[in-house]
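Asks: Listed here are the chains, written in short residue letters.
There are 2 protein chains.
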Amino acid sequence: MSETRFDVLTIGNAIVDILAQSQEDFLVKEDIIKGAMNLIDGERAEHLYAAMGPAIEASGGSAANTAAGVASFGGRAAYFGKVSDDHLGGIFRHDIRAIGVHFETKPLAGDPPTARSMIFVTPDGERSMNTYLGACVELGPEDIEADVVAASAITYFEGYLWDPPRAKEAIRLAAGIAHENDRDFAMTLSDSFCVDRYRGEFLELMRSGTVDIVFSNESELHSLYETASFEAALEAFRADCAIGIVTRSEKGCVVVTRSETHAVPAHAIDALVDTTGAGDLFAAGFLFGLTSGRSLADCARIGALAAALVIQQIGPRPRENLKDALAQEGI
Amino acid sequence: MSETRFDVLTIGNAIVDILAQSQEDFLVKEDIIKGAMNLIDGERAEHLYAAMGPAIEASGGSAANTAAGVASFGGRAAYFGKVSDDHLGGIFRHDIRAIGVHFETKPLAGDPPTARSMIFVTPDGERSMNTYLGACVELGPEDIEADVVAASAITYFEGYLWDPPRAKEAIRLAAGIAHENDRDFAMTLSDSFCVDRYRGEFLELMRSGTVDIVFSNESELHSLYETASFEAALEAFRADCAIGIVTRSEKGCVVVTRSETHAVPAHAIDALVDTTGAGDLFAAGFLFGLTSGRSLADCARIGALAAALVIQQIGPRPRENLKDALAQEGI
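Sequence lines, in order, name chains B and G. In short: position in the first sequence from 1, add 1371, done, that's the numbering used here. In short: position in the second sequence from 1, add 1371, done, that's the numbering used here.
Since the hints were made in silico from the structure, they are not lab data. Keep in mind that a hint or two might mislead.
Which copy is meant is left open, because identical chains are indistinguishable; a pair holds if it fits in one copy or across any two.
To be verified - Under the rule of at most 30 Å between Cα atoms (straight-line distance), these lysine-lysine pairs were calculated in the DSS-like manner:
1. Lys1539 with Lys1400
2. Lys1405 with Lys1622
3. Lys1539 with Lys1405
4. Lys1477 with Lys1405
5. Lys1694 with Lys1405
6. Lys1400 with Lys1694
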């Protein structure tokens, strides 16, 4: 196996988040599924923005947040994702490069514009996302930088990429390159409704060995295996991937391999502010841990630390330097 | 005096903030005056953005933050300020209207673009601003909605408006309309370097009775009267305006009239995060207090509350509902 240039490459929908606080009844009135990623078109995006309270803008995108997290831990990170050459695209590019992530995906010239997600954060800290995919629909195999995939210890993508039309071709191409180079390929199931849309394909990715490492939260796991039994779902998950990670919010997480099971508690927090980015940052910590030679239990602890930091602030990427935070924890 | 439609109208440079954390040595290296508003041109804006770490975007602008604060307290607020019809201008318009502020200033069609301020927040919580004025240079007397000025109990503007070329004409026009309608006219001195640029004109505004109420912080007051003696500066200030307010950070504030002096302590905070918006929100609370019939000391307490809330978060406008916060305080 040749030397790596990157610890973690991530691939996903390149999105700028528009975050505002809202009350529960707003979600009901606007027919927004709470806690989910709701896909919306341009017309609904305009409607929701007009109804939205004062907001802040912050670069987001699930896998992009993960790459930013890896870089913040001091890992070498790269990202593929499609923006347009508009103002939001410039913000996205600035922020991901400013944290040290390799990002060279060619921007789209003109329409559709850069993707944005309007995120309503309710008083309980839960985020409900409303995503207009915009330029993300143009991501395709031509955006896979083969040399970057070949030189990345782990390539990770978000299940959300099954929503735009051609990204899945890009992912299958990248998986082939990764495995030809003896690299690991990883994914997150992203969202229980996303799992519901693509259950068969996600299971096929796992069972065919296209992905080696799979991140899931509890509701995604139940959706994947269509069972109310956590134990049954976990055993099925164990059989379907080399490393399976199930995050369970305040209950911590469980990591399973064919022969091992590690339950790790959540990291303590002072106050829950905004869950945006929790899963993305957990994955960042876990993947950084893997590529820096930690045990699976320690990988989970590092993931839990990053998740705890991001949910105590507004926005999807922690403002703390994660390398310093990790040094303080001494994991 | 006819009935009012607005409690507070504010006029200022309409700006979107780009906020990032930075170390002290970055300010030194980039020759940024710490704690000040540094005016920059388009070329330097590009240079600083390239050197800036990951950022978030939030609508700002000193007087706009004050209008947003008044609205958050439940006051009736209006704002005049110039954006362009670009993406940042759309964000600015959305955010100020979304909190309930009347904002109908005609946007500029095309260049220069909407103003932005790159704000570097150092570990001590101090913010250092780098403002590209963009479309703000086009604000002029034609942007004064005479009916809104006439119907506002208090019209307030920022001293920063002496930087763009024609805004001062707009302010003198507005002052005339306000006083013809027996309304109060107020200003903030904005920044000690701004005072240094326009000391003579600011003193003339005060001594001619063009402004009735003046907000200053300690360093602006020392700059205005070119004295190191706080007592001497305060007595000069008392003589020069009907109501003078001096904010002194953690030392609280002093309110002076010809015959009264009120010292009010700062509001307790848990942790200082980012001082951006502190003075703007103090003014919001004070002006809301005045228009809701409070005593001067209570006005200062309401200002201190709003300032305390905004400095415990990133960004220039508090995410808390100030009306609820005030009800909890019981002022």
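Asks: Next, verify each hint and record whether it holds.
Replies: Evaluation of the provided hints:
1. Proximity of Lys1539 to Lys1400 under the C-alpha cut-off of 30 Å is found in neither arrangement, the shortest distances being 34 Å within a copy and 45 Å between copies.
2. When the C-alpha separation of Lys1405 and Lys1622 is checked against a cutoff of 30 Å, the pair qualifies only within one copy, where the shortest distance is 20 Å, while the shortest distance between copies is 44 Å.
3. Taking identical chains as interchangeable, the C-alpha atoms of Lys1539 and Lys1405 lie at most 30 Å apart only when both belong to the same chain, with a minimum of 27 Å there against 49 Å between chains.
4. Within a single copy, Lys1477 and Lys1405 get their C-alpha atoms no closer than 34 Å, and across copies no closer than 37 Å, so neither meets the 30 Å cut-off.
5. In this homomeric assembly, Lys1694 and Lys1405 come within 30 Å of each other (Cα to Cα) only across copies, at 27 Å, whereas the closest approach inside a single copy is 33 Å.
6. Taking CA atoms no more than 30 Å apart as the test, Lys1400 paired with Lys1694 passes between copies only; the shortest distance there is 24 Å, against 42 Å inside one copy.
Hint compliance for this structure: hints 1 and 4 are not met, and every other hint is.
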